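Protein chains in written order, with the numbering used here: chain A, 1 to 605; chain B, 1 to 605; chain C, 1 to 315; chain D, 1 to 315.
Since the hints were made in silico from the structure, they are not lab data. The structure displayed is predicted, hence computed values, not measured ones. Where a beta carbon is used, it is the ideal one built from N, C-alpha and C, also for glycine. Some clues are possibly wrong.
[Said to hold, decoys possible] Keeping only pairs whose Cα atoms sit at most 20 Å apart, straight-line, the calculated EDC-like set for lysine to aspartate or glutamate is:
#1 B:K441 to D:D265
#2 D:K57 to D:D38
#3 B:K16 to B:E171
#4 B:K461 to A:D407
#5 B:K441 to D:D38
#6 C:K301 to A:D511
[Said to hold, decoys possible] Now the in silico label distances, taken between C-beta atoms and shown as ranges:
#7 A:K106 to B:D424: 15 to 25 Å
#8 C:S172 to D:G279: 21 to 31 Å
#9 A:E140 to D:H39: 30 to 40 Å
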Amino acid sequence: MSESIVTPPVNGGTAKVSKISEAVIRFAGNSQDGIQAIGGFLARLAGRSEQEVMTFMTIPATISGGPSIFQVRIGSGEVLSAGDEADVLVAFYPHSYEEHIGALRKGGIVLYDSDHVQPNPEWEKQYRHVAVPITSRTVEAIGGTAKDKGKNIFTLGLVAKMFDLNVPKLERLISERFGGKDESVVRSAMSAFHAGYGYSLGEVLETFQFREPARKDRQQVVMTGNEALAYGLIAAGIRFGAAYPITPWSEVMEILRRELPKYGGTFVQCEDEIASACMAIGAGWAGRVAVTGSSGPGISLKGEAIGWAVMAEVPLVVCDIQRGGPATGLPTNVEQSDLNIACYGGHGDSPRVVIAPVGVEDCFYTAIEAVNIARKYSVPVIILSDQSIATRIEAMEEPKLEKLCQDLTPDLSAVADYTPYPLDGTVTPRLAAGTPILSGKYPISTGLEHDEGGHPSGAPKMHLQMTARRRRKLQTLAAQLPQPQVYGPPEGNILLLGWGSTQGPIREAVDRARAAGDSVSALNLRHLNPLPPGLENIFAGFNHVLVVEANDEGIYGYGQLAGILRARFCLPKIIGLNKTDGLTWRVGEILERVKSDVAAGLRRL
Amino acid sequence: MSESIVTPPVNGGTAKVSKISEAVIRFAGNSQDGIQAIGGFLARLAGRSEQEVMTFMTIPATISGGPSIFQVRIGSGEVLSAGDEADVLVAFYPHSYEEHIGALRKGGIVLYDSDHVQPNPEWEKQYRHVAVPITSRTVEAIGGTAKDKGKNIFTLGLVAKMFDLNVPKLERLISERFGGKDESVVRSAMSAFHAGYGYSLGEVLETFQFREPARKDRQQVVMTGNEALAYGLIAAGIRFGAAYPITPWSEVMEILRRELPKYGGTFVQCEDEIASACMAIGAGWAGRVAVTGSSGPGISLKGEAIGWAVMAEVPLVVCDIQRGGPATGLPTNVEQSDLNIACYGGHGDSPRVVIAPVGVEDCFYTAIEAVNIARKYSVPVIILSDQSIATRIEAMEEPKLEKLCQDLTPDLSAVADYTPYPLDGTVTPRLAAGTPILSGKYPISTGLEHDEGGHPSGAPKMHLQMTARRRRKLQTLAAQLPQPQVYGPPEGNILLLGWGSTQGPIREAVDRARAAGDSVSALNLRHLNPLPPGLENIFAGFNHVLVVEANDEGIYGYGQLAGILRARFCLPKIIGLNKTDGLTWRVGEILERVKSDVAAGLRRL
Amino acid sequence: MNDTAIQVPQRGNITSVPPATPPDAPRQPLTKKELSADHPTWCPGCGDFAVLALYFKLVEKRKLWHEKIATVAGIGCSSRFPYFVQAHGAHFIHGRALPFASGISLSRPDLHVFVFGGDGDAYSIGGNHLTHTARKNIKMTYVVMDNWVYGLTKKQTSPTSPLGFKSKTDGSGAIDQPINPMKQLIAAGASFVARATHTNPNHLLQMMEAAMDHDGFSVIECLSECVEFYEGAFDASNPRKGGKFETVPASHDVTDEVAAYKLADAPFPGYFGVFYKSGRPTKNALEAKINADARLKVAGKKDWEILQATFDRLK
Amino acid sequence: MNDTAIQVPQRGNITSVPPATPPDAPRQPLTKKELSADHPTWCPGCGDFAVLALYFKLVEKRKLWHEKIATVAGIGCSSRFPYFVQAHGAHFIHGRALPFASGISLSRPDLHVFVFGGDGDAYSIGGNHLTHTARKNIKMTYVVMDNWVYGLTKKQTSPTSPLGFKSKTDGSGAIDQPINPMKQLIAAGASFVARATHTNPNHLLQMMEAAMDHDGFSVIECLSECVEFYEGAFDASNPRKGGKFETVPASHDVTDEVAAYKLADAPFPGYFGVFYKSGRPTKNALEAKINADARLKVAGKKDWEILQATFDRLK
Ligand SMILES: Cc1ncc(C[n+]2csc(CCOP(=O)(O)OP(=O)(O)O)c2C)c(N)n1
Ligand SMILES: Cc1ncc(C[n+]2csc(CCOP(=O)(O)OP(=O)(O)O)c2C)c(N)n1
Ligand code: SF4
Ligand code: SF4
Ligand SMILES: [Mg+2]
Ligand SMILES: [Mg+2]
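When you get a sec, could you build the whole thing from the sequences and use the hints?
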């Protein structure tokens, strides 16, 4: 919204309409207030209006609720991140007001529940304050008992009015949402909505209208990263999975458990993460590539089983929805600190594939890619998502499902003979159990070192050759990966390099920096193990490669991906830009850090 | 022996005496033949004779026995490795003869059991063949039933005669060994020994005599790496441990289980590796730094618990006796492929200390060092030993136990107050449970991110600071580590860099290369995470740094330590020399590979 | 992405795995020779040989085909089993054979799943998987070859080693009370629990047949002597060694859980035979029911259409 | 190495931990205030509050001191317990509180070890540790706060969720037969097994006292309602909600294992009280005996001299 509002109208002036291209709205309250739901409605509406949208939320780590926020950025142009600064803050409580006013841009609008919040005169000078007795008006509209659940819908009405949103579409969304329940629920939701919509802000505030977005050829769907991942797995043809609950992975398993039966598939909640990895591997062995997943501690537990899949060459997809810290850490925060364990977390030489989706939409396609790589190369593939992608809502172009959906039912036609681990360099897909082998020689899948047929072998040469075989599969894959594309000019001073969820803020940082005349481009890697081809050439075009990661700078001063790249390319110009505060990188933060690092002469390590 | 024998006497010539400085003898038979025992006697005798000694053995991976070898190298000078080529091969069976003649140097002696082995005329031209009817002579000496167990002692007698070994000392060793058993056992062992000693080789073979070794000030003790590790832990003051059996780790736990009660300590065999790591951490938390350990698969399983010890800052010692391969792999072979998991095997940023002993003696001292680092920095310390160090026998100078032995009984005196995780940069040792805290404020140890007192905190700044705190402990340790010393001149063309068990063959390779006029030095790192100071300066002195490791060259062409060093120093001259055949590096192999790599222009990666 | 997108023919879904090769001509039962793979690496005299021989007999007698059986094991001497059998097999990791086998059983209803392993594998590291596979009643047959010792790692105390047993980890004799496998299994809810010994092959085969015929999680706790590290452990159960082989009393009601538990309380050598058996539904059946219900609602739709309907709700 | 070699004073060994501060003046029992640490983060009405309150009562009544108790937990709502107690505490990892606590118990005989946790922690991921801690009879007291659901992760099926319970992972109702915790505990060999509920505090305190007094592994399976995700789960056991709270019949012989198993077979709400109790020796005592025997042989020797004797044999 920032750039589109020309001048704020003087207080008490007559209402007018401002055209805007985007707005960042932050709702701050407690987790019981249902503010996630407001955000969800807005995001979905944006999707139906062909707008871009991205959300961001924090969940309290305590059990019995606590402060919680939801931020939504809606735009007619491309939305790359959830927005550093809010244009509008909706504050339900004094703590919401006090703790989040700092997130509002100077001159932004704070809309507060005057039943709870007492405005601060100092801040009134810096921000436009709009008082609305949210609580009492909600009670008035729908009665006292329901107020906790109604305040959010009342606020949705307020916001709808303020941004001139499409009321019929919102009404439809509300009735879809509450449709399954008691009719009275829908009715009081509608009452709350209209009470909010009808509440007169005209005295104090102009109305904002989004510019018409460019027409999209395809419809949009709106979902979180965890939803996109789960549906991507289904589209890929995954029909079996097993896992154990853990935040923020649980949602993926809950969706799969609910949805797979429709497709004749099964998802099992196991006694622990070890069992679940083993169960998925068992299904993969039987001919049905399967999925398991977890976060943090659960990923550490799956290591031994994943190593078996490497050795026995059984396909497997492992989702790691990264959270913060080692041990239990920060279960509801974001961090990108599982890259090392994903690549190196197995004993022995244990090559596996690691891919990180860069956003919600990419979760969907990464799932399909991961499944196909796992099958083609008979190898475990780890998908490194993270808490921020997992929980944020984005609108994406609707995938062409008819074309994309895969059927992976195993082919059980008899074969003449079968060599599971040939030494001629061939990549062999697993032969499903149940397949007759006419030679009468059946293969054993084993974690012991083995010969071509799977029989244990301790022969020095065999181990050497089989180790090479397992490594070469990754080298073959690497050669076939697409070369990643630089965002911005392919040559320049600074290349911001990132992976996973940082793509949005990094690209926005590039846009801003270039607008300010700085020579900055970006590269976001999806394939982390093996690395894609062509990186050396790209790096050659820049003076500095700054690897932006949400993980620690490590003992030697660089993060996890930076370490992998430095080892691979031995380029001292690859340096780290790290942080571990459990929050996504903000655009401004990246730019400031780049500026200060450059000012400090980008010290070589 | 190679260099010391001037000319072999013609067959049938009169026996004479040759002075030698060292000899490599390989015994090849089946695992039931007790050939390990022959080696053990020879090694122990060498220790008592102030000679240097090193052994090497292979164990069959099958359950019901199978081919097995034992090689012993005895010398009056420094013995760095178990020897590439044997001077003498003792072959019990046709398969022993056929498979191991290649390990004998040209012109070497093959002493074969003529009851089983038929010599090959072709080979008779290349090697000196000595036929002894070992089986029938043993039967003759001690009767048929005992022959399986007696052949080895008969052979010991043969060897004793051949090398003019000290018979009274050997007799004492034999009676010590069998002393606990039935008297008849000692008696028939003695009979077998004397039958072997008395068997006339005089017709065909000269007698070899070791030169007098330089007098040592201290007595020698002879043991395997696993023994040295276990006794080192006891000397360090470890009085509690927990583990689950796995080859080749089991022996350490068996020794501790047997020995600790003498010291009032306890070792628990747990239901699995996870429980055992947790139990050791519990004892560490309670004030008793404790040990757990495993190999391969078990190390993968301990990752989650180790992460908790990192986060909660609880001391812990983890022994990893590395074996071959991922998954079950090669349980009885050697490999150095757990460096990555040791350094990076935890989810999140999970800094821990990793140290690798370079030989049997070093196992003893590394254990003490590991315990002291774990206590001082309240951090998990992983000791990376390997199958070759674990099982080989070496003579070492007797440690000054009175001075070295530590008492780590916790101090439970009351304290005024206690802050477990101060942010002022202090390293705090753990306060033992049971300690009264006069302020009445007790600490919680937790895997959640926490504040200084251990209370959970999701505050962005707190996670940032605590992550830095955990990292800085390792940086502080790094600054205090001794700078490693180069073996050979500190500047030159090639630096052979190794870690762990490769020290011996690498140093011997340097000796040989330098003798041949090549500019080669060596560096063996013990501290792998964090790295010790001063490496950059050392590397500056060489044109090439070749990292010799028994692990795979990886997707990008270098091994695990090479990857860490390349990331840290960004020096393309750091390249890998890798192999994964499950065997220790031989001196000749290193030299050949260096030669061919140099010839190939030491291609930059 | 194009590179890795593999074209796969439409073939229906997991519940409709097509039959392998239609049996055009009636096949002859497999012979021991056809079933034997690698030569067993067990020590001569090891009890595990008997179990292998009877597995071959079972396959032959019950006319199972190579491709229709999955032979799965963890790690241990006993767990080397799959190498010796000519069939799709897996030698998995220590203690986790059951969840692996569950993955097969629940995704491939067309296969017979047999699991073999030792006491350490089953009751020590794998103990919890045993409990949960049992309560979920996942269809498969599990033979625990209990030798009261860790064989492969050369004589450490196992969770079934009796008090006083001298091992490398209990030099002065084991002090931890051993697991009572039968009690564990019954308490966990295993729906078929039997006890056998390698020295009575006829009885063991009978148990294996009954286990295979049981629709659910069937377990045989089978004494199998380790001649190398625990010779004579089971002599008291072997009439040829002066011991006593007593079968479960005819009066015993196999559906009475408390009675079964009481049987399990008898001191060694105890009873042999089926202790407990219940007809409660398998997880396989219960999941199939959920699927049938769910598919009723999407009847006639292709997979992509089902997903499309979901996406339509996400607009 | 010099740098890291820390000088530590001679103090004897593990079995001779000196008493902390000699109680010069008789100390007053700790008050609830002195025992309270962080304010509990549980939802208002959560059953776990009762267990915490009674733990405070127990400590007060039995005059335990801050420094003499170790409060340990895994991960879960219930496992947040140690934060709320002013004492040396540890919030460990999910499912592994028991081995952690065993490390304390076996290395520090001077401490009272209390473990608290949920049903997921105890019977799902931690199930095997429960079995093995029980059979080894490691001295400590364990209170399982069973709410039949995963609370912290927001309503997934737990191993004690009854059939038909609708959770996020069983939308149409749970289908896996739940664990019967009492049967599991009895079969595993736990030497003290009791059942209680948060709605009967007097009885619960009684159980906690009895558990603490038991020399061995004592477990209380305590129903503790999750008002957020499983409201009313235990109404049938709560007389105030029209349910029935029936104690173990007076005629029950707590040393009779089979009888205890039978009690555990009763359908919900079942019985409350001590089901089983055995006086068999703890692992703590058995290890102490091994140590005493071993130390007899080295009596009077310093630690380094004992090691020296071993080294002398390695020459
Ligand atoms: C994770 C892991 N831990 C430990 C081992 C080592 N190990 C292999 S088999 C085994 C126990 C064997 O005992 P059991 O299961 O009773 O089988 P048996 O050899 O007696 O037939 C152990 C501890 C391993 N391979 N993997
Ligand atoms: C290894 C691991 N897996 C999963 C989790 C996520 N997790 C935390 S608590 C919990 C279960 C909680 O249930 P319960 O033990 O019954 O405790 P409650 O919250 O109901 O008191 C799970 C699955 C974790 N923290 N660590
Ligand atoms: S060691 Fe024991 S269990 Fe293993 S094969 Fe030999 S006899 Fe059988
Ligand atoms: S979610 Fe349930 S178990 Fe957790 S604190 Fe709330 S009521 Fe208690
Ligand atoms: Mg066994
Ligand atoms: Mg619970």
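Legend entry - Contradicted hints - numbers only: 1, 3, 4, 6 and 7
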